[in-house]
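Participant: Top line first, the protein sequences correspond to chains A and B. Going by the working numbering, the first sequence opens with residue 1, and the numbers climb by one from there. Going by the working numbering, the second sequence opens with residue 318, and the numbers climb by one from there.
Don't read these hints as lab results, they were simulated from the structure. Think of the CB as a built atom: it goes at the ideal place given N, C-alpha and C, for glycine as much as any other residue. One thing to keep in mind: the hints can contain errors.
What the hints assert, rightly or not - Short derived list, chain A residues pointing at chain B, Cβ under 8 Å:
1) Met-68
2) Thr-69
3) Ala-70
4) Val-75
5) His-124
6) Gly-147
7) Val-158
8) Ile-160
9) Cys-170
10) Val-247
11) Tyr-275
12) Ser-280
13) Ser-282
Number of protein chains: 2
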Amino acid sequence: MNAIGVDVGGTKIAAAVVTPGGRILAEARYPSAGPRERLLSSIARAINEVRDGMEVGGVCLAVPGFVMTAQNKVVFAPNLHPIEGVPLKEELGQRTGLEVTVENDANAAAWGEFRFGVGSEVDHLVFVTLGTGVGGGVISHGILLRGAQGSGGELGHVTIQADGGPLCGCGNYGCLESLASGTAITRRAREVASEKPGSALGRIAVERRVLGEDVTELARQGDGAALSVLEETGTWLGIGLAGFVNVFNPEVIAVGGGASKAGELILAPARREMYRRARSPSRDLVEIKEATLGPESGVLGAAALARDGSGEYVLGS
Amino acid sequence: MNAIGVDVGGTKIAAAVVTPGGRILAEARYPSAGPRERLLSSIARAINEVRDGMEVGGVCLAVPGFVMTAQNKVVFAPNLHPIEGVPLKEELGQRTGLEVTVENDANAAAWGEFRFGVGSEVDHLVFVTLGTGVGGGVISHGILLRGAQGSGGELGHVTIQADGGPLCGCGNYGCLESLASGTAITRRAREVASEKPGSALGRIAVERRVLGEDVTELARQGDGAALSVLEETGTWLGIGLAGFVNVFNPEVIAVGGGASKAGELILAPARREMYRRARSPSRDLVEIKEATLGPESGVLGAAALARDGSGEYVLGS
Numbered sequence: 001m002n003a004i005g006v007d008v009g010g011t012k013i014a015a016a017v018v019t020p021g022g023r024i025l026a027e028a029r030y031p032s033a034g035p036r037e038r039l040l041s042s043i044a045r046a047i048n049e050v051r052d053g054m055e056v057g058g059v060c061l062a063v064p065g066f067v068m069t070a071q072n073k074v075v076f077a078p079n080l081h082p083i084e085g086v087p088l089k090e091e092l093g094q095r096t097g098l099e100v101t102v103e104n105d106a107n108a109a110a111w112g113e114f115r116f117g118v119g120s121e122v123d124h125l126v127f128v129t130l131g132t133g134v135g136g137g138v139i140s141h142g143i144l145l146r147g148a149q150g151s152g153g154e155l156g157h158v159t160i161q162a163d164g165g166p167l168c169g170c171g172n173y174g175c176l177e178s179l180a181s182g183t184a185i186t187r188r189a190r191e192v193a194s195e196k197p198g199s200a201l202g203r204i205a206v207e208r209r210v211l212g213e214d215v216t217e218l219a220r221q222g223d224g225a226a227l228s229v230l231e232e233t234g235t236w237l238g239i240g241l242a243g244f245v246n247v248f249n250p251e252v253i254a255v256g257g258g259a260s261k262a263g264e265l266i267l268a269p270a271r272r273e274m275y276r277r278a279r280s281p282s283r284d285l286v287e288i289k290e291a292t293l294g295p296e297s298g299v300l301g302a303a304a305l306a307r308d309g310s311g312e313y314v315l316g317s
Numbered sequence: 318m319n320a321i322g323v324d325v326g327g328t329k330i331a332a333a334v335v336t337p338g339g340r341i342l343a344e345a346r347y348p349s350a351g352p353r354e355r356l357l358s359s360i361a362r363a364i365n366e367v368r369d370g371m372e373v374g375g376v377c378l379a380v381p382g383f384v385m386t387a388q389n390k391v392v393f394a395p396n397l398h399p400i401e402g403v404p405l406k407e408e409l410g411q412r413t414g415l416e417v418t419v420e421n422d423a424n425a426a427a428w429g430e431f432r433f434g435v436g437s438e439v440d441h442l443v444f445v446t447l448g449t450g451v452g453g454g455v456i457s458h459g460i461l462l463r464g465a466q467g468s469g470g471e472l473g474h475v476t477i478q479a480d481g482g483p484l485c486g487c488g489n490y491g492c493l494e495s496l497a498s499g500t501a502i503t504r505r506a507r508e509v510a511s512e513k514p515g516s517a518l519g520r521i522a523v524e525r526r527v528l529g530e531d532v533t534e535l536a537r538q539g540d541g542a543a544l545s546v547l548e549e550t551g552t553w554l555g556i557g558l559a560g561f562v563n564v565f566n567p568e569v570i571a572v573g574g575g576a577s578k579a580g581e582l583i584l585a586p587a588r589r590e591m592y593r594r595a596r597s598p599s600r601d602l603v604e605i606k607e608a609t610l611g612p613e614s615g616v617l618g619a620a621a622l623a624r625d626g627s628g629e630y631v632l633g634s
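Next up, chain A with everything else stripped away, as it sits in the complex (with noise of 0.2 Å):
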């Protein structure tokens, strides 16, 4: 039997139809702008759409935010206000006579390259999303680690540097997520530019603001003060991954996001740091690679966390 996964994001929504081998059937895309009965009806007119008449055992939404899961709710969710406190379970229920499920989004990614990507053969995997921020999931010994309510997997804001860290946007100082996001390559590198005008970065800095995309292409052409940016970015990283290393004992560590176009400029410093800083015999035995589904990471693995009415996964674990 196939499942729907709808990966509800802050601009856009995405609901496909999905096989018990990861295969996507069938798209459907609405924008998510609007107050709360608006989004609703968008989040039911897509799975209606791409449902298509095609049988299907259930519907898991995976959206950006905390979600307690056994209530199906959102409780926060800074970038999609109007779902926070919607029981969605009934509301999309009686909308599309499906069984319909709630998880956070980066859980449902990680879920997603467990089942279906990079970490198809392995049991233990860590998935860091680098982004705007950063997001994560865990899967051990098999299971997605929601915790007590489903808001687990917060990998962004573990402290690596609790006294002089910057300052996060969850309001302290030295997260993960202030260290090696997306947003945290830009302002160092605009810092960077500043120190070193006559680098290519510090000349494009001149011009106009630095993006994430600049940092890559120039360190790819070789730019120091592009690659020193990433360098230190992927040192960052390494520094948290290094803890979930000792603390999750995993086969695999994925790591998507935009910022993980950047590859090996930050992979590389990464591995280093990690393995200066892990325990054997946990650092011989991790990889630290690419995640490979991409943005598809979301509905891939919201549809594989649907469940039918039994309370079973429709796509099989």
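Since the structure of chain A is provided, determine the placement of chain B on it from the hints.
Facilitator: Below, chain B alone, put in the same frame as chain A:
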């Protein structure tokens, strides 16, 4: 059916027969000194002596070091070198006729608190032990997180102050262990004593080497210098715990080990700092408590991790 738990420490071996309800029926102790052969025969003797004709379903050894649980081998045990690499299942199986398994001691203690102690009512428990070092173990969704090799749950070597943190025994800087262990307390106490020679702590330091117990006792008597050391330690502990709260969304964090005897003098600041750094709803749910089993968590947890011939826990799960 009962099971035997063996706590193999750096100085002594404690074996106990434990009931499914967590009651200790008999105990035996031997020194753990000596080369490999003597150590193995002391462990076997402790098991056979404590068993004393009783029917038991299996035995588990809790060992301070890095354990590969699938192989039932200890990879690295800085305080118990002779045990490294020994095929314990076979060696001790022959001498006792019992099914033998091996676990890391902190993971076993965590499981003890989960089955019979402060975590017996919950499904999600983080256990942290503050002794010479900082050890730990995690139960998530009712499962002990051993990781791929059995080396998971190494909570003491997550980095919380990468740049400028103190040197840790593991060779890195700013591990949780370097800032919140019993060793960190005495190191900091000696520093504070020399900064504040007029304090009660300072006056003791003139006479002799300050010990961890001195700090707790003087803090209870209201000495500001000693109080500040525990407050600072608790704050660092809270920074580490905040990360675990974000990652595991646990119901309870249990703090054990010698330094936890300072109780609220450490736990109150730890709770405050955790709440400041962790995210909702996880930080609102979690309770930070003292562990309740004390030094017996080792044998109790080990017994509860003993398996029968078919791989099931003898005492249930």
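Participant: Next, verify each hint and record whether it holds.
Facilitator: Consistency of the hints with the structure:
no.: 1; hint: Met-68; verdict: holds, 7 Å
no.: 2; hint: Thr-69; verdict: violated, 10 Å
no.: 3; hint: Ala-70; verdict: violated, 12 Å
no.: 4; hint: Val-75; verdict: holds, 6 Å
no.: 5; hint: His-124; verdict: holds, 4 Å
no.: 6; hint: Gly-147; verdict: holds, 2 Å
no.: 7; hint: Val-158; verdict: holds, 4 Å
no.: 8; hint: Ile-160; verdict: holds, 5 Å
no.: 9; hint: Cys-170; verdict: holds, 7 Å
no.: 10; hint: Val-247; verdict: holds, 6 Å
no.: 11; hint: Tyr-275; verdict: violated, 11 Å
no.: 12; hint: Ser-280; verdict: holds, 7 Å
no.: 13; hint: Ser-282; verdict: holds, 5 Å
Comparing the model with each earlier hint shows violations of hints 2, 3, 11; every other hint is respected.
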